[in-house]
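**Q** From first to last, the protein sequence lines stand for chains A and B. Count along the first sequence starting at 1, add 166, and that's the number in my numbering. Count along the second sequence starting at 1, add 166, and that's the number in my numbering.
Simulated from the structure, these hints should not be mistaken for lab results. Keep in mind that the hints are not guaranteed to be accurate.
As the list claims (entries may be wrong) - Estimated spans, in silico, between C-beta atoms of each pair:
#1 B:LYS354 - A:SER339: 44 to 50 Å
#2 A:GLU225 - B:ASN490: 56 to 62 Å
#3 A:VAL336 - B:ASP393: 23 to 29 Å
What the hints assert, rightly or not - Some chain B residues flagged as far from chain A (calculated, every beta-carbon gap over 10 Å):
#4 ASP176
#5 GLN235
#6 ALA251
#7 ARG268
#8 ALA277
#9 GLY293
#10 GLU392
#11 SER444
The beta carbon of each residue, even a glycine, is placed where N, CA and C say it ideally should be.
Protein chains: 2
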Amino acid sequence: MKSFIEVSADSHFPIQNLPFGVFSIAEDEISSARVGVAIGDQILDLIVISKLFEKHVPELGNPALVFSQSSLNMFMSLGKPVWQATRKFLQVILSEDNPELRDNKELRNQAFIPQKLAKMHLPANIGHYTDFYASKEHATNCGIMLRGSSALFPNWIHLPVGYHGRASSVVVSGTDLLRPRGQRSPGKDQPPVFGPSIKLDFELEMAFFVGTGNNLGEPIPIQKAEDHIFGMDPTPFPYLQEEGKTAYDIHLEAKMKPSNNDTHKTLTRSNLKYMYWSIKQQLAHHTISGCNMRTGDLCGTGTISGPSEDARGSLLEITWNGKNEIDFGNGVKRLFVEDGDEVVLTGYCQGEGYKVGFGECSGKILPAISS
Amino acid sequence: MKSFIEVSADSHFPIQNLPFGVFSIAEDEISSARVGVAIGDQILDLIVISKLFEKHVPELGNPALVFSQSSLNMFMSLGKPVWQATRKFLQVILSEDNPELRDNKELRNQAFIPQKLAKMHLPANIGHYTDFYASKEHATNCGIMLRGSSALFPNWIHLPVGYHGRASSVVVSGTDLLRPRGQRSPGKDQPPVFGPSIKLDFELEMAFFVGTGNNLGEPIPIQKAEDHIFGMDPTPFPYLQEEGKTAYDIHLEAKMKPSNNDTHKTLTRSNLKYMYWSIKQQLAHHTISGCNMRTGDLCGTGTISGPSEDARGSLLEITWNGKNEIDFGNGVKRLFVEDGDEVVLTGYCQGEGYKVGFGECSGKILPAISS
Ligand SMILES: [Ca+2]
Ligand SMILES: [Ca+2]
Ligand SMILES: [Mg+2]
Ligand SMILES: [Mg+2]
Ligand code: NI
Numbered sequence: 167m168k169s170f171i172e173v174s175a176d177s178h179f180p181i182q183n184l185p186f187g188v189f190s191i192a193e194d195e196i197s198s199a200r201v202g203v204a205i206g207d208q209i210l211d212l213i214v215i216s217k218l219f220e221k222h223v224p225e226l227g228n229p230a231l232v233f234s235q236s237s238l239n240m241f242m243s244l245g246k247p248v249w250q251a252t253r254k255f256l257q258v259i260l261s262e263d264n265p266e267l268r269d270n271k272e273l274r275n276q277a278f279i280p281q282k283l284a285k286m287h288l289p290a291n292i293g294h295y296t297d298f299y300a301s302k303e304h305a306t307n308c309g310i311m312l313r314g315s316s317a318l319f320p321n322w323i324h325l326p327v328g329y330h331g332r333a334s335s336v337v338v339s340g341t342d343l344l345r346p347r348g349q350r351s352p353g354k355d356q357p358p359v360f361g362p363s364i365k366l367d368f369e370l371e372m373a374f375f376v377g378t379g380n381n382l383g384e385p386i387p388i389q390k391a392e393d394h395i396f397g398m399d400p401t402p403f404p405y406l407q408e409e410g411k412t413a414y415d416i417h418l419e420a421k422m423k424p425s426n427n428d429t430h431k432t433l434t435r436s437n438l439k440y441m442y443w444s445i446k447q448q449l450a451h452h453t454i455s456g457c458n459m460r461t462g463d464l465c466g467t468g469t470i471s472g473p474s475e476d477a478r479g480s481l482l483e484i485t486w487n488g489k490n491e492i493d494f495g496n497g498v499k500r501l502f503v504e505d506g507d508e509v510v511l512t513g514y515c516q517g518e519g520y521k522v523g524f525g526e527c528s529g530k531i532l533p534a535i536s537s
Numbered sequence: 167m168k169s170f171i172e173v174s175a176d177s178h179f180p181i182q183n184l185p186f187g188v189f190s191i192a193e194d195e196i197s198s199a200r201v202g203v204a205i206g207d208q209i210l211d212l213i214v215i216s217k218l219f220e221k222h223v224p225e226l227g228n229p230a231l232v233f234s235q236s237s238l239n240m241f242m243s244l245g246k247p248v249w250q251a252t253r254k255f256l257q258v259i260l261s262e263d264n265p266e267l268r269d270n271k272e273l274r275n276q277a278f279i280p281q282k283l284a285k286m287h288l289p290a291n292i293g294h295y296t297d298f299y300a301s302k303e304h305a306t307n308c309g310i311m312l313r314g315s316s317a318l319f320p321n322w323i324h325l326p327v328g329y330h331g332r333a334s335s336v337v338v339s340g341t342d343l344l345r346p347r348g349q350r351s352p353g354k355d356q357p358p359v360f361g362p363s364i365k366l367d368f369e370l371e372m373a374f375f376v377g378t379g380n381n382l383g384e385p386i387p388i389q390k391a392e393d394h395i396f397g398m399d400p401t402p403f404p405y406l407q408e409e410g411k412t413a414y415d416i417h418l419e420a421k422m423k424p425s426n427n428d429t430h431k432t433l434t435r436s437n438l439k440y441m442y443w444s445i446k447q448q449l450a451h452h453t454i455s456g457c458n459m460r461t462g463d464l465c466g467t468g469t470i471s472g473p474s475e476d477a478r479g480s481l482l483e484i485t486w487n488g489k490n491e492i493d494f495g496n497g498v499k500r501l502f503v504e505d506g507d508e509v510v511l512t513g514y515c516q517g518e519g520y521k522v523g524f525g526e527c528s529g530k531i532l533p534a535i536s537s
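Isolated chain A (complex conformation) (with noise of 0.2 Å):
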């Protein structure tokens, strides 16, 4: 499979992957924030191209309103098979041997926008933000830390453990944040004492977007959780599955570059399938209480650490807890994260000649507001 829109063997965008998002023209902003799709170093503005969805994909309904909304919600919200008509049809339209829209030199001027030139958006309006824990190497790590030999609490292996996060605070990628400020304990049997964290750290993981939901009080059974989850469609190529498995062989990797130097450090390099509990367990396990999840939640994987030292996913596990210095050369050492700090996560499979990607995730820490 190949498009016409030229792609290089390192994009993590090529026909194979097609990823959803929303976007704008730098100038514009968010009054015109609408829906795309990743092609190389390219966007396809799906509005432009909405003429072709009502005659290809009529499930679609009303494609310009669907794709210029400011937020993939009402496209999640069409379900599967909708998704699934979508992407199909957006591979063909892109493929090198159509000439539908390869030739149609005016529409094709107007539907590809440089990446370069847009200003990424959050794809989705995230009503609820639940994070797991769902890597046993990083449970353990944490507990044997934490908690010294019990490592693991004993439900730890009966169910996914997650805790319910603000998505209120979930920012697109490229964001700066202020270090945040908070009481803690000096030490046991000491008052604690107010201030701007101290030792800051990232968390290397994945997350899944519900793309539909559930109604209060029933659940999803894990035979249909594939069916919620936006993205997992079309059915994934064989290479991404192991065997047996429903983890995906999805290369994790974090840098980060220290306030005054020039270039990014690799810290680690992990891997989706060292997760415990899959994202369909994950989902199966939020909703056996009837909990109703509602298209636009997110549900992160939690830190995702392997089983060797390089595959720690946080700095927590990587500095075993500010015991040892990571060395970014130049004299310039870290336990945690400092004010100036910029943190890059990355992830992709690999496929013949080609990646299936994410694109990367980047923030930087500010130094805490004074009071």
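Starting from the structure of chain A, add chain B with the ligands where the hints point.
**A** Frame of chain A, contents of chain B with the ligands only:
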């Protein structure tokens, strides 16, 4: 202060109260859900009097738009000065000596809808829901039962503990609820078992809506917390405020009707004034890390228990974790909520000859679904 609408002394909704809500006329449902204000046993339909708002409360901008929403979010986002001006005007226009609405027979006929003909909806589009644990008596009771002697965790007296719940499962009063299912431990060193909850409880608590939020990274100082809390206007009547404290003297009650009984039995009488951490402290603490609150976010106080045994706010405490049965008469006894039981919570302040109340919140438990 008295309204031309007759209000019985027992009503929760005299002219001193005027709570905002979202309602529809039973036949036409959510499509026409809109904003109203309760007075006596009536609802004042704010769309109908939008011309009066245009004249008297220009700060509202487009009152017909604001009050035709199916949630209070747009109104809440306008900020405290607008809430105050709106409420002040409503007290003027509803007062017995103001002829403008009183003597306009046609407008008056359209503007009031009997509450018994209306269907109430959730008043807000709730982004996030945080549940605090702000009653020292409740936390102490739970601590003694679940952990023995060290009842309160050391940090409990340093910060208002809270957890983040799923706003998606907040439902309007009168909604039946399925008994949830999940894993539980039958005892130490035994594997967990799966099934319906066996100790299903209620919690007598209150909550507030965030009216206007804050930007990520910019905490709400406690001195300004009141400005962000919807409904904290006008400045509370002096009798509602304890000296030197921000706790309000609000009587709280929970009653329960077992499935086969005809009547409710009051199980507890508590009071908001027993809270250790005030709602302003809750909001200040919630945002001190930089967490961004948004219009419509909901914060619960957590179960409010008082110092006496008859002011315990949950069955866990009332039956002391299932040790002491509650006798409902006719041989009906309960330790926790059983299928078919109905729980009703209510709260009000007692003024001189009138009540300022919150109405009732009820829910009935249906059996868990069979897998
Ligand atoms: Ca996480
Ligand atoms: Ca609660
Ligand atoms: Mg985590
Ligand atoms: Mg509680
Ligand atoms: Ni939430």
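**Q** Hey, does GLU392 (chain B) actually stay past 10 Å from chain A on C-beta?
**A** holds (19 Å)
**Q** Just want to verify: ALA251 (chain B) was marked as not at the interface with chain A; is every Cβ pair farther apart than 10 Å?
**A** holds (28 Å)
**Q** Test the statement that ARG268 (chain B) is away from the interface with chain A: the closest C-beta pair must be farther apart than 10 Å.
**A** About 43 Å separates ARG268 (chain B) from the closest Cβ of chain A, which puts it past 10 Å; holds.
**Q** Since GLN235 (chain B) was said not to touch the interface, does its Cβ keep a gap of more than 10 Å from each Cβ of chain A?
**A** holds (17 Å)
**Q** Is it correct that the beta-carbon of ASP176 (chain B) has no partner in chain A closer than or equal to 10 Å?
**A** Answer for ASP176 (chain B): holds, closest chain A Cβ roughly 33 Å.
**Q** Does GLY293 (chain B) really sit off the interface, with its C-beta more than 10 Å from all C-beta atoms of chain A?
**A** Since the minimum Cβ distance to chain A is about 6 Å, GLY293 (chain B) lies within 10 Å and the statement is violated.
**Q** Given a hint of 23 to 29 Å, does the C-beta separation of VAL336 (chain A) and ASP393 (chain B) actually sit inside it?
**A** Holds: the Cβ-Cβ distance is about 26 Å, inside 23 to 29 Å.
**Q** A range of 56 to 62 Å was offered for this pair. Does it hold for the Cβ distance of GLU225 (chain A) and ASN490 (chain B)?
**A** Holds, since GLU225 (chain A) and ASN490 (chain B) (Cβ atoms, about 59 Å apart) stay within the stated range.
**Q** Compute the least Cβ-Cβ separation between SER444 (chain B) and chain A, then decide whether it is above 10 Å.
**A** Nearest chain A Cβ is 18 Å from SER444 (chain B), so the label holds.
**Q** Minimum C-beta separation from ALA277 (chain B) to chain A exceeding 10 Å: can you confirm that?
**A** holds (34 Å)
**Q** Is the gap between the beta carbons of LYS354 (chain B) and SER339 (chain A) within 44 to 50 Å?
**A** Holds, at about 46 Å.
Checked against the numbered hints given earlier, the structure breaks only hint 9 and satisfies all the rest.
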